[in-house]
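**Student:** In short: position in the sequence shown from 1, add 6, done, that's the working numbering.
It is possible that some hints are incorrect.
Stated by the list, open to error - Restricting the straight-line Cα-Cα distance to at most 30 Å, the calculated cross-link-like pairs of lysine-lysine (DSS-like) are:
| hint | residue 1 | residue 2 |
| --- | --- | --- |
| 1 | K168 | K228 |
| 2 | K61 | K139 |
| 3 | K139 | K124 |
| 4 | K129 | K139 |
| 5 | K157 | K168 |
| 6 | K129 | K61 |
| 7 | K61 | K124 |
| 8 | K157 | K124 |
Hints listed in this document are in silico derivations from the structure and should not be mistaken for laboratory results.
Predicted model, so just to flag it, every value in this text is computed and none were measured.
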Amino acid sequence: QFQLQSCMMFWRWRADRALLMLPLVFSPTFLSPVLRSLPSGLGCPMRSVRCAASKRQVLHDRHVLTWNELLLRIDRDQIHSMLILCGTTAGNLGAILRSSTLLDISAVCILDESGPSKATLDKAFRFSMLEQKSHWDTLVVPGPDTQEETKFLSDLKERGVKLVGMVAAGAANGASCDLCDLDLSTQRPVAFIFGADEEDGLAFTKEIEVQDLDVLASVSMKDFGRATATPDTLNLSATAAIVAYERQRQRCQQRWWQDVQ
Numbered sequence: 007q008f009q010l011q012s013c014m015m016f017w018r019w020r021a022d023r024a025l026l027m028l029p030l031v032f033s034p035t036f037l038s039p040v041l042r043s044l045p046s047g048l049g050c051p052m053r054s055v056r057c058a059a060s061k062r063q064v065l066h067d068r069h070v071l072t073w074n075e076l077l078l079r080i081d082r083d084q085i086h087s088m089l090i091l092c093g094t095t096a097g098n099l100g101a102i103l104r105s106s107t108l109l110d111i112s113a114v115c116i117l118d119e120s121g122p123s124k125a126t127l128d129k130a131f132r133f134s135m136l137e138q139k140s141h142w143d144t145l146v147v148p149g150p151d152t153q154e155e156t157k158f159l160s161d162l163k164e165r166g167v168k169l170v171g172m173v174a175a176g177a178a179n180g181a182s183c184d185l186c187d188l189d190l191s192t193q194r195p196v197a198f199i200f201g202a203d204e205e206d207g208l209a210f211t212k213e214i215e216v217q218d219l220d221v222l223a224s225v226s227m228k229d230f231g232r233a234t235a236t237p238d239t240l241n242l243s244a245t246a247a248i249v250a251y252e253r254q255r256q257r258c259q260q261r262w263w264q265d266v267q
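Work the whole structure out from these sequences, hints included.
**Tutor:** Right, dumping it as structure tokens:
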């Protein structure tokens with residue numbers, strides 16, 4: 007009986023010692039060197055999760071602007087072009103960000119009632135390869151606050167931004183012109199406004215009045231020679247890439263003519 011009591015007292019003492027050591031073992035001072043010594047992707051999953059979270063935060067800090075920050079950069083002549091989307095998906099946004107970066111579009115603005123969620127932006131950054139390309143510099147701008155939505159067009163107009171509404175051919179009762187006929191080579195900043203990726207070809211948000219835009223434009227497509235209930239439309243990301251390319255083409259052509267003269 008004496009040996010049994012001694013044994014129980016010994017193990018109780020060991021348990022008390024272990025409990026006293028727990029705060030030290032799990033303290034940041036003890037864990038940080040251990041986690042840093044682990045190879046990437048091996049050992050404790052906490053390290054990879056924390057690194058992934060920090061990388062995503064770096065992407066947000068580098069590429070996401072507020073609406074007021076965008077206006078400030080326009081005032082400083084740091085924004086020369088932008089795409090304004092009336093809603094989009096993560097897949098479309100990722101493709102648009104990649105095209106915008108490589109075709110020299112300064113910013114992509116998303117107008118949505120709730121704004122793009124952080125999860126949507128994370129997926130879009132992954133689809134666009136911004137995670138792998140630290141030198142890519144296109145900016146993402148969630149739309150203005152609800153109280154400011156009704157005046158966001160006037161904010162841009164006051165700063166001399168040309169507002170081009172992109173519509174499907176025939177969706178605006180013949181009021182649109184061909185994109186190639188627009189002069190996009192000027193130094194004046196320009197904003198291309200796209201409706202939602204829907205079948206009507208003219209799906210701007212309620213805050214955008216067609217008469218407030220400077221011009222409506224469309225991308226020429228194949229004429230099937232018959233009327234349809236809804237206009238034939240390109241995917242949103244495909245249209246955005248064509249628009250960005252046409253602007254880049256005209257600017258390059260203008261620089262070429264200047265060099266020749």
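**Student:** Under the criterion that the straight-line Cα-Cα distance not exceed 30 Å, is the pair K168, K228 satisfied?
**Tutor:** holds (28 Å)
**Student:** Given the hint that K129 pairs with K61, test it: the Cα-Cα distance must not exceed 30 Å.
**Tutor:** holds (13 Å)
**Student:** Assess, step by step, whether the Cα of K157 is no farther than 30 Å from the Cα of K124, and give holds or violated.
**Tutor:** Holds, at roughly 25 Å.
**Student:** Can the restraint linking K157 and K168 be considered satisfied, given a maximum Cα separation of 30 Å?
**Tutor:** It holds: about 15 Å lies between the C-alpha atoms, which stays within 30 Å.
**Student:** Under the criterion that the straight-line Cα-Cα distance not exceed 30 Å, is the pair K139, K124 satisfied?
**Tutor:** The hint holds at about 20 Å.
**Student:** Would the hint linking K61 and K124 be met if the CA-CA limit is 30 Å?
**Tutor:** Holds - the C-alpha atoms of K124 and K61 are around 13 Å apart, at most 30 Å.
**Student:** Taken at face value, is the distance from the CA of K139 to the CA of K61 at most 30 Å?
**Tutor:** holds (12 Å)
**Student:** K129 and K139: Cα distance at most 30 Å?
**Tutor:** Judged against 30 Å, a Cα distance of about 15 Å means the pair holds.
Of the numbered hints stated above, none is contradicted by the structure.
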